[in-house]
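> Sequence:
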Amino acid sequence: MTNNDGGNSADSAMIRPDVPSLTGLRFFAAFFILLNHLTLGFVSRETAYFGRFLANGAFLGMDVFFVLSGFIIHYNYSAKINGSLKSFHAFFVARVSRLYPLFFATFAIDFLLIAHSGGIPWSDMIHAVPFFVTMSQSWFYQLTSAGTALYYMFPRASIAWSVSSEMLMYAFYPLFWYWLLKSRNFSWKMPGVVAVFAVATLSLLFKGLYTSQVGWDKLGVALFGEMASVSRSPEFSFAFWVWYVSPYSRLLQFLCGIVVADYCLKHVDRHCDYSDSTFLRAGQVLTPLYVVASCLPYQNSIPVVGEIYKIFGYTPVVCFCIYCCYANRSGYFSRLLSTNWCVRLGERSYSVYIWHIYFYAAALSLPGTRFLHVVMAWAGIYIFSAISYKWLEKPLRQRMRKLLSWA
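When the letters of the sequence shown are read in order and numbered with our numbering, they come out as residues 88 to 494.
Calculated from the structure, these hints are not laboratory results. Treat the hints loosely; a few may be bogus.
To be verified - In silico lysine-lysine, DSS-like type, Cα no more than 27 Å apart, as pairs:
no. : residue 1 : residue 2
1   : Lys481    : Lys167
2   : Lys167    : Lys305
3   : Lys353    : Lys167
4   : Lys173    : Lys489
5   : Lys477    : Lys489
6   : Lys167    : Lys397
7   : Lys173    : Lys397
8   : Lys305    : Lys173
As the list claims (entries may be wrong) - The following label-pair restraints were derived from C-beta to C-beta distances:
no. : residue 1 : residue 2 : range
9   : Leu490    : Val372    : 18 to 26 Å
10  : Ala233    : Ala473    : 33 to 41 Å
11  : Ser174    : Trp478    : 27 to 35 Å
12  : Tyr469    : Ser320    : 26 to 34 Å
13  : Tyr469    : Leu268    : 22 to 30 Å
Beta carbons: idealized from backbone N, C-alpha and C, even for Gly.
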């Protein structure tokens, strides 16, 4: 894992061990999301085992992105922020410059395509523009006149809801940073602890109450009418927004990544002892078992795993994988993720993720079988992602950073 946002510092405290395996992990996160999306309508989600695995692949990929985001942010920026307004400004400039150019490009292109085709009323499009331009479309639950959720209104840019959610998490990071690094005495520590506990409780509340769906569904119908109900459209429902799309249900994952990073940084010079080795070995056995158990058909599911999964998803698994990459950099798992091809694909993972709906939609418009469409989409995505990363993502990031940075 490297900090690709640019920015140099002579402060030796900012020098942390490079963990390229975490860049490789980003590739697998994008891979599982693509595997889910590109096989929709090709492989039934009702298919035992494999269907559940494909359905859960997107959940796993998203959990990796949000937990890993918290880890990378704290790992790279905790020493660069000194509490001053300028350091926080530099942090936000780096993160906005990293995400905004491709985000805006996908939205702008989809906006122009929809405007040309006339598929969405102009009133809805104009209403949505401020939320997409400010990357806040996932922060609030809103329905269009046709009953589509605002964050899914532009079909090819719909995937950008996760980028919007991530931006709100960056706004919370100064709170987590202060709690972990700056509030040393009890009188200052407790307000931070209470605030972080409140955030974690809110996130768990959003996740936990969704397990029954009834409470959030009733609230959604009461606030937004029947158009927000699960029975009408699960992915446009208020309950789905609460559980899956909203940044508030994802904050706990982001916080978990920060806590793992903080632990690793406090033990940066520590060598693995017997207890660490035992923990890693046990985790390497339990992690795949947990993933397999979460993909079992409902009638064969394990109750304990099912309850943990409903609330925490794959967060425990992702936290362990990140710690394993950091603490056991010579292990086979870390070496696999650190291979040159894996790291290169991981560097392009944002381009892969943000453009893949465009290529799949284009492939579906061509003649041929669904299998051929999937193959063409895969090839097009990975070829274009290399071009996008080199000629769009990196240059635009650097230009935007210069534009927003203070002299």
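> Can you tell me whether the CB distance of Ser174 to Trp478 sits inside 27 to 35 Å?
31 Å, holds
> Keeping to a limit of 27 Å between CA atoms, is the pair of Lys173 and Lys397 held or broken?
41 Å, violated
> Below or equal to 27 Å on CA atoms is what counts here, so check Lys353 against Lys167.
This hinted pair holds, its Cα atoms lying about 16 Å apart.
> Tell me if the straight-line CA distance from Lys481 to Lys167 falls inside 27 Å.
With Cα atoms ~22 Å apart, Lys481 and Lys167 stay inside 27 Å; holds.
> Hint says 26 to 34 Å; check whether the CB-CB distance for Tyr469 and Ser320 agrees.
Holds: the Cβ-Cβ distance is about 32 Å, inside 26 to 34 Å.
> So if I understand the rule, the pair passes when the alpha-carbon distance is 27 Å or less; does Lys173 with Lys489 pass?
Within the cut-off at roughly 15 Å; holds.
> Take a quick look at whether Lys167 and Lys397 sit within 27 Å of each other, Cα to Cα.
36 Å, violated
> Starting from Lys167, check that the Cα of Lys305 is at most 27 Å away, please.
45 Å, violated
> Per the hint of 22 to 30 Å, is the separation of the Cβ atoms of Tyr469 and Leu268 within bounds?
39 Å, violated
> Compare the distance between the alpha carbons of Lys305 and Lys173 with 27 Å, and conclude whether the hinted pair is satisfied.
45 Å, violated
> Is 33 to 41 Å a correct range for the gap between the Cβ atoms of Ala233 and Ala473?
Holds: the Cβ-Cβ distance is about 37 Å, inside 33 to 41 Å.
> Go ahead and decide if the range 18 to 26 Å is satisfied by the Cβ distance of Leu490 to Val372.
Once the Cβ atoms are compared, 50 Å apart, the range 18 to 26 Å for Val372 and Leu490 is violated.
Hints 2, 6, 7, 8, 9, 13 from the earlier list are contradicted by this structure; the remaining hints agree with it.
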